[in-house]
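Novice: Given next are the chains, with one letter for each unit.
Number of protein chains: 4
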Amino acid sequence: MRNKNEYVHSLRDGREVYFKGERVADVTEHPELRLAIDHAAIDYEMAHDPAWTQLAVEGEGADAYSSYFKLPKSSKDLLHRSELIETATTLGGTLVVLIKEIGTDALFALHLVAHEVDAKKGTKYLERVRRFYDHVKNHDLAMAVAQTDVKGDRSKSPLEQEHPDYYLRIVGETPEGIIVRGAKVHTSVSINSNELIVLPTRAMKPDESAYAVAFAIPMNTKGVKLITSPYGSHHDDSNFDAPLASKHRMMETLTVFDDVLVPHDRVFLNGEWEFAGELAKTFVEFHRFTAISYKLPLVDALVGAALLMTHYNGLEKAKHIQEKLARLIAYAETLRALIRLAALEHETGALGIAIPKTLIVNMAKLHFATNFHQMLAYVQDITGGLIATGPGEADLNGEETGKWVRRYLGGRKGVKVEDRLKAINLVKELTATDFSGYQAVLAIHAEGSIEAEKLAMAREHDSARCVSLAKMLAGITHP
Amino acid sequence: MRNKNEYVHSLRDGREVYFKGERVADVTEHPELRLAIDHAAIDYEMAHDPAWTQLAVEGEGADAYSSYFKLPKSSKDLLHRSELIETATTLGGTLVVLIKEIGTDALFALHLVAHEVDAKKGTKYLERVRRFYDHVKNHDLAMAVAQTDVKGDRSKSPLEQEHPDYYLRIVGETPEGIIVRGAKVHTSVSINSNELIVLPTRAMKPDESAYAVAFAIPMNTKGVKLITSPYGSHHDDSNFDAPLASKHRMMETLTVFDDVLVPHDRVFLNGEWEFAGELAKTFVEFHRFTAISYKLPLVDALVGAALLMTHYNGLEKAKHIQEKLARLIAYAETLRALIRLAALEHETGALGIAIPKTLIVNMAKLHFATNFHQMLAYVQDITGGLIATGPGEADLNGEETGKWVRRYLGGRKGVKVEDRLKAINLVKELTATDFSGYQAVLAIHAEGSIEAEKLAMAREHDSARCVSLAKMLAGITHP
Amino acid sequence: MRNKNEYVHSLRDGREVYFKGERVADVTEHPELRLAIDHAAIDYEMAHDPAWTQLAVEGEGADAYSSYFKLPKSSKDLLHRSELIETATTLGGTLVVLIKEIGTDALFALHLVAHEVDAKKGTKYLERVRRFYDHVKNHDLAMAVAQTDVKGDRSKSPLEQEHPDYYLRIVGETPEGIIVRGAKVHTSVSINSNELIVLPTRAMKPDESAYAVAFAIPMNTKGVKLITSPYGSHHDDSNFDAPLASKHRMMETLTVFDDVLVPHDRVFLNGEWEFAGELAKTFVEFHRFTAISYKLPLVDALVGAALLMTHYNGLEKAKHIQEKLARLIAYAETLRALIRLAALEHETGALGIAIPKTLIVNMAKLHFATNFHQMLAYVQDITGGLIATGPGEADLNGEETGKWVRRYLGGRKGVKVEDRLKAINLVKELTATDFSGYQAVLAIHAEGSIEAEKLAMAREHDSARCVSLAKMLAGITHP
Amino acid sequence: MRNKNEYVHSLRDGREVYFKGERVADVTEHPELRLAIDHAAIDYEMAHDPAWTQLAVEGEGADAYSSYFKLPKSSKDLLHRSELIETATTLGGTLVVLIKEIGTDALFALHLVAHEVDAKKGTKYLERVRRFYDHVKNHDLAMAVAQTDVKGDRSKSPLEQEHPDYYLRIVGETPEGIIVRGAKVHTSVSINSNELIVLPTRAMKPDESAYAVAFAIPMNTKGVKLITSPYGSHHDDSNFDAPLASKHRMMETLTVFDDVLVPHDRVFLNGEWEFAGELAKTFVEFHRFTAISYKLPLVDALVGAALLMTHYNGLEKAKHIQEKLARLIAYAETLRALIRLAALEHETGALGIAIPKTLIVNMAKLHFATNFHQMLAYVQDITGGLIATGPGEADLNGEETGKWVRRYLGGRKGVKVEDRLKAINLVKELTATDFSGYQAVLAIHAEGSIEAEKLAMAREHDSARCVSLAKMLAGITHP
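Residue numbers (the numbering used here), protein chains in the order written: chain R, 1 to 479; chain Z, 1 to 479; chain A, 1 to 479; chain L, 1 to 479.
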């Protein structure tokens with residue numbers, strides 16, 4: 001299994017990355033991109049840290065491999081995976097690490113759908129998927145997944161758009177492979193992964209078969225252009241002022257496919273339009289389970305920071321604070337409870353793969369997403385206005401300013417001013433900065449929209465049971 | 001095990017019941033009380049109905065006993081109990097049956113607390129509890145629980161009240177037993193149970209030891225006066241117009257203890273003030289698990305009725321209806337998920353008794369209670385104004401009126417007018433009548449208040465874990 | 001101006017009313033219908049009560065007429081009308097009186113739309129409207145409005161339905177007038193009004209001109225059949241147990257038009273399909289202003305009852321009670337504020353008629369409707385479980401029961417038990433009975449649906465202003 | 001009246017300002033502080049801009065003065081003031097300008113309270129207030145207000161704290177004036193104002209008279225130390241990427257009073273503890289009216305940006321988008337409506353000063369504060385994930401990156417890619433950056449807390465009216 005150095009080194013492969021409009025020669029040397037790389041390296045560090053080996057590594061000696069790759073076959077496997085993701089995200093300062101998480105979600109889905117396509121269409125995709133799976137697992141590779149197309153006018157289908165490339169599509173085929181053109185947005189960890197897995201974003205119709213395509217390619221494949229989002233770009237944050245953002249960063253790209261050649265062996269869907277939606281959905285469902293798992297440190301941090309500030313400010317007995325704390329606790333623990341139940345009551349799919357209970361996963365995700373902003377408001381309310389008007393590390397260290405800050409910004413007796421300010425700064429990052437804005441946008445949009453989660457819930461709900469009950473109660477005997 | 005007749009017959013025991021100010025000579029002959037008795041008999045009918053024997057009966061032949069009495073020792077036991085309660089409530093038209101449910105909740109708590117009191121005070125309460133338990137189990141008796149004191153001024157403690165009897169208390173002792181005086185409110189199923197279990201309502205202080213009392217007595221014990229609430233009093237409802245209330249009813253009493261003698265062997269707490277709060281709490285926690293289980297048919301009925309009306313009105317494709325359905329589904333299924341997890345992740349108390357996870361149970365109860373009224377609004381919204389302005393059974397049967405009702409009150413083609421009206425009437429009873437008002441008040445107040453649930457959550461939450469996480473993230477190293 | 005006796009007498013006109021499937025010979029003699037008639041008579045009593053003359057009567061001596069009929073021309077007129085409606089509803093025990101309110105809303109709309117149709121189509125409808133207006137005003141008549149068609153499958157238009165009569169339509173014409181066929185639902189106060197005004201329920205298309213019809217006819221017109229809803233049918237309620245429902249009632253009918261002849265002079269729209277939607281909307285907007293005005297006593301009663309119970313229970317200092325009271329106050333006062341502003345910032349339509357500000361009216365209605373059920377929950381929470389389990393008047397009066405009720409159901413020292421129980425009963429009726437269920441369904445459905453209010457808001461909102469601001473801030477200069 | 005240059009020049013007065021721990025020699029030369037100064041100068045620019053003269057200037061020629069100073073005497077005055085504040089904030093990119101707004105709020109309150117203190121205590125404060133008022137008005141000075149004390153342990157009063165200076169207090173008196181010591185937090189615009197008005201933060205008790213102090217001093221008074229918060233510190237933002245923060249900034253200080261001498265003529269409260277709470281409250285109430293006025297551009301910008309993105313993304317017909325737009329509209333327009341009504345139904349205080357209706361102002365503020373975060377969620381939801389993952393200006397301008405960004409990030413046909421990205425960037429700043437975090441924290445904490453607003457509402461509400469209504473309806477005749 002690779003260590004951090006090997007991982008970092010592997011990223012010097014000539015990939016075509018742009019940041020603020022300019023080509024980045026070596027992502028590992030770039031100050032801001034390096035932050036994202038160091039953050040991602042947590043996954044590799046854990047595997048070599050005795051504290052986490054048992055959690056992060058499966059098998060022993062030469063057979064050892066990253067636990068992320070384990071195909072889940074039981075509740076225990078799913079709970080293990082969830083704990084691994086939660087732990088890595090905790091070490092990541094509430095920010096998901098993602099370079100193994102999302103790729104394995106895609107691999108689980110590819111196993112299931114390739115199996116189904118092969119059965120129905122006589123194709124041989126499962127063999128390809130397995131070869132690719134062995135490759136990334138054995139070489140311990142970092143993976144990104146590109147799914148969301150740029151979409152153009154959202155009221156229109158791929159063929160109705162101003163030009164046909166608003167959704168990624170197959171534009172040709174050669175003896176070596178297929179040629180694809182288009183662009184994906186929101187591709188996380190692409191600048192610092194080894195492989196890029198590409199999946200369709202939605203169901204396709206018969207005349208849209210060119211858009212039904214899935215594959216995987218190395219990140220330095222010719223024609224793949226990674227245009228990094230500069231969102232939240234700071235590289236000089238103080239650790240005191242920005243305890244999270246100064247150490248943790250994830251980056252997204254607009255990922256352009258400029259007539260990219262994909263070798264046949266790496267193609268997992270090639271025009272079978274009937275399965276585009278199924279693949280999109282199967283991936284997203286695994287990914288939503290991953291997502292709710294990596295939200296746990298974030299919601300627990302909100303609860304913990306609120307409890308800490310309540311203590312530091314001397315407000316334990318204020319009833320309106322208790323009320324807000326109760327809502328924060330119910331919010332966080334409902335999420336945790338639903339994750340656990342989704343694993344405990346999983347379903348078993350093809351190849352014995354354990355699929356977290358879809359209805360519960362979507363309820364958990366919807367619960368998280370639709371209440372998140374209100375929880376930020378509660379934590380801000382409990383903490384106080386100093387979130388936005390407090391001093392920084394330099395003020396604490398300044399001779400004149402430090403004297404006054406220490407004299408006047410204490411809270412409850414016995415609490416160190418530095419600690420109170422650190423806690424306030426944590427709340428600031430969790431609720432009121434670029435870093436929290438990023439988390440908030442992800443809460444709404446990542447892993448499919450709020451509306452998609454509602455649709456999934458409606459589809460998975462046992463409506464027949466409820467309608468039968470209603471008819472029985474109403475005395476309706478007609479079918 | 002008793003059958004319905006034996007149960008009904010057993011209620012003719014001279015008990016002192018009042019309805020609308022008048023003494024009821026025989027509760028089984030009174031038209032309105034009889035409705036409540038027939039409803040309660042569901043518990044006895046299930047035990048003799050082959051469809052439910054497996055669920056409702058434990059053991060075989062002479063050893064057979066009602067499953068309600070089984071002391072839970074495992075997740076499986078708790079899930080079985082939950083399913084039993086859910087099923088009986090379904091047969092009860094969304095109204096809990098309760099004559100076994102609440103009494104066994106009290107018995108579980110009495111086992112645990114008697115064990116603890118005996119260990120700490122050298123008393124012999126557990127033996128008494130076990131004798132009483134064997135008695136009710138072997139004779140298959142129906143039980144009510146009287147817990148909530150009348151309380152007077154709620155800002156004052158028992159001794160600060162205008163008179164000392166606003167909380168039930170011990171006023172004397174004789175060789176035969178203790179004498180108790182006071183009154184309890186909200187005593188459900190007392191008019192149609194065999195035994196009355198009495199528990200303290202809150203924690204007591206050293207000088208309040210006279211108020212720390214628990215016991216059980218037959219319902220016809222001298223001095224016990226049951227003043228029945230007339231709430232929702234109708235006894236001529238049509239089954240068509242009121243599919244639930246015409247068949248199902250539960251009744252509460254103001255339960256007066258006019259210097260009642262309780263034999264020593266039936267006394268389970270006698271002045272040990274330190275345990276009053278513990279007993280109150282332990283009972284309530286078991287009872288909250290029971291409660292969330294018996295809310296399931298109600299919330300599923302809301303979902304089912306909404307789905308049915310959506311279909312009958314031809315509104316499946318209306319997005320705003322889908323939105324409301326999604327919220328109803330999330331509401332109901334979150335409740336169900338939390339119940340399951342509370343059983344799956346139970347704790348084990350003294351005597352091996354399985355205790356549903358308290359944090360989860362309280363979250364489930366709070367979720368149910370704080371969103372219930374909004375769910376009624378959604379179901380009313382989906383159904384339409386005919387809930388309040390539609391015709392009744394007599395209109396459908398009237399020669400002239402029936403003609404027009406049939407012509408004009410159809411919905412989607414192919415749906416029978418009668419069925420649409422039945423479904424509307426179900427919604428009416430679930431959301432907009434005395435019957436639903438009763439359910440709504442119970443949603444808020446039964447099994448402890450919303451505020452009590454928040455306190456329980458705060459107490460059970462693993463706050464230390466969250467505070468540690470916050471400190472780690474903020475870089476705070478001081479304890 | 002008529003007095004109560006004249007009004008009651010006028011209802012003995014041979015109208016074809018059915019209650020519980022049977023023809024009612026004389027509505028004034030029927031015990032349940034009479035309750036609705038006595039309630040409606042409040043409008044007539046006020047005009048003759050010196051306490052209310054100034055509010056309820058316009059003009060003097062022979063020129064005196066009911067203030068409801070005054071065409072509003074200013075903010076002052078609108079505020080006066082709002083106060084009149086609020087006061088009558090207060091006297092009506094939170095239940096609107098409606099026999100003048102809704103009819104005048106229709107008349108205001110008919111003036112405006114007739115004026116417009118005449119201008120665009122060369123018709124002479126305004127003259128007819130004015131003659132009808134003078135007739136009802138001069139004879140001080142009670143009016144009902146039938147608007148909502150039965151609709152059948154709601155996803156289909158009038159002509160797509162299973163039969164063409166799911167929406168009221170013109171089926172013929174004679175020298176005397178037009179012949180109409182169909183049925184309306186939710187027709188309030190029809191059984192006890194003198195005139196029935198009929199309006200279209202929605203916009204119509206060119207091929208639906210037969211459905212574009214508006215007119216007014218006496219309630220005893222041949223072929224008009226009033227099938228009364230039995231919802232909440234109790235006629236023996238005690239004034240103590242049911243302080244509102246025992247005295248106040250409003251009734252709705254399924255109103256059938258069995259080929260009814262409408263004289264030409266009473267026809268106000270006759271196939272001009274382009275104006276059906278406009279007439280429907282204009283009426284509804286006036287009626288929503290009326291509606292929010294008559295909701296004020298209801299929301300103030302919720303606030304007042306909650307404050308009273310807080311006092312009676314000794315809970316003034318409980319913070320969680322204060323929190324719920326604050327939300328109740330904000331709810332009620334926001335409604336009141338929006339009503340006032342809608343009047344103060346009205347628009348002026350044709351004929352100088354003052355139209356309450358549509359955006360504000362719809363926001364007020366939406367605010368009322370979407371938060372109402374939650375407010376019921378707060379009031380129930382504050383009051384306590386006795387809402388559903390308390391004793392009735394007979395218990396208070398019973399010799400034995402009265403003794404115990406008086407001893408044990410006191411609250412704060414100094415509060416009479418009777419008063420506390422009366423306050424609890426008020427809460428019961430406001431939140432947890434058929435009466436409150438009726439109010440709750442009306443909150444959701446009356447005066448157009450919640451979704452209709454959102455559409456009206458979107459239509460009336462000054463979106464251009466906000467988009468321009470956003471563009472300016474974003475630096476977008478293109479149109 | 002001063003122009004921008006005069007204003008900027010006036011800030012070079014030797015004031016003791018610290019930024020990131022270091023003394024700032026000249027605030028007008030510091031790149032980040034200069035941003036705040038230029039932003040504040042909007043108030044001076046408006047007075048000289050013909051487009052705004054009528055709004056911003058009162059009187060003519062030598063008598064001309066800034067409209068902010070006008071003591072409001074009527075609804076018209078209040079609406080004028082509200083419009084002025086709204087307009088300046090619009091020009092300020094949704095960020096309040098504040099250098100006149102808050103100071104005049106304090107001046108209005110000082111007039112009222114000085115008048116009251118003089119009447120009750122025989123003091124001569126009103127003369128001093130008027131002299132100071134004439135001074136700032138005639139010299140067109142910028143003013144900051146320092147009110148919130150640092151408070152220490154919030155569960156303790158001033159004298160119970162770890163040291164007596166956690167609340168600002170009088171520590172001595174000389175012939176020239178009084179000596180004050182302590183510190184205030186959250187002091188906005190202090191680094192760029194001319195005068196600092198200091199007010200008490202809460203009611204005081206008799207033994208806390210040293211803490212009952214109010215005064216005004218020039219910002220460069222010896223001993224006044226301004227420690228600027230570095231929150232949101234960026235000074236190199238691109239106008240394209242950060243259309244608001246690149247041009248608009250407000251700064252707060254920890255304002256230390258190191259034994260500052262305040263001349264007697266500038267002291268407005270000097271130990272009269274009975275009036276500390278009254279002064280705090282009166283100021284806050286004026287300031288809340290100011291606050292809700294300057295929130296209007298922010299909430300309208302949220303609505304406008306959401307509408308614009310709906311259009312750019314081609315989503316006008318998506319029902320779930322319409323639902324969220326309706327909620328945004330109701331949110332913004334309810335705020336606007338309540339502001340207008342608070343002005344229209346103002347009360348008149350001493351000296352004829354018009355006081356916006358307190359109940360309505362607090363309801364408006366509470367409405368704004370408690371729903372704000374949810375509105376951010378809606379706007380993010382409507383806009384899409386590109387908020388957090390989109391390209392920046394440099395990407396648009398890069399040769400290679402610009403090509404792809406232009407090809408792939410279009411939305412609806414006909415919309416320029418630049419414009420769509422600009423709109424997305426506006427949403428980013430309004431909802432998901434340091435800038436929006438700052439606004440969100442202010443939404444919760446500025447102008448008094450959410451809980452303070454609830455208390456003000458409870459105090460101002462006409463509870464007697466509602467209780468009387470409830471009693472009348474319940475039939476309760478006892479007082």
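One should not assume that every hint holds.
For identical chains, the list gives no copy identity; a pair is met inside one copy or between any two copies.
Straight-line alpha carbon distances no greater than 27 Å define the calculated BS3-like cross-link-like pairs of lysine-lysine that follow [unchecked claim]:
| # | residue 1 | residue 2 |
| --- | --- | --- |
| 1 | Lys281 | Lys247 |
| 2 | Lys137 | Lys281 |
| 3 | Lys403 | Lys471 |
| 4 | Lys319 | Lys413 |
It is worth saying that the hints were derived from the structure and are not from the lab.
Novice: Does each hint fit the structure? Answer for all of them.
Specialist: Status of the hints after comparison with the structure:
no.	hint	in the structure
1	Lys281 with Lys247	neither (33 Å within a copy, 44 Å between copies)
2	Lys137 with Lys281	within (24 Å within a copy, 52 Å between copies)
3	Lys403 with Lys471	between (74 Å within a copy, 24 Å between copies)
4	Lys319 with Lys413	both (21 Å within a copy, 26 Å between copies)
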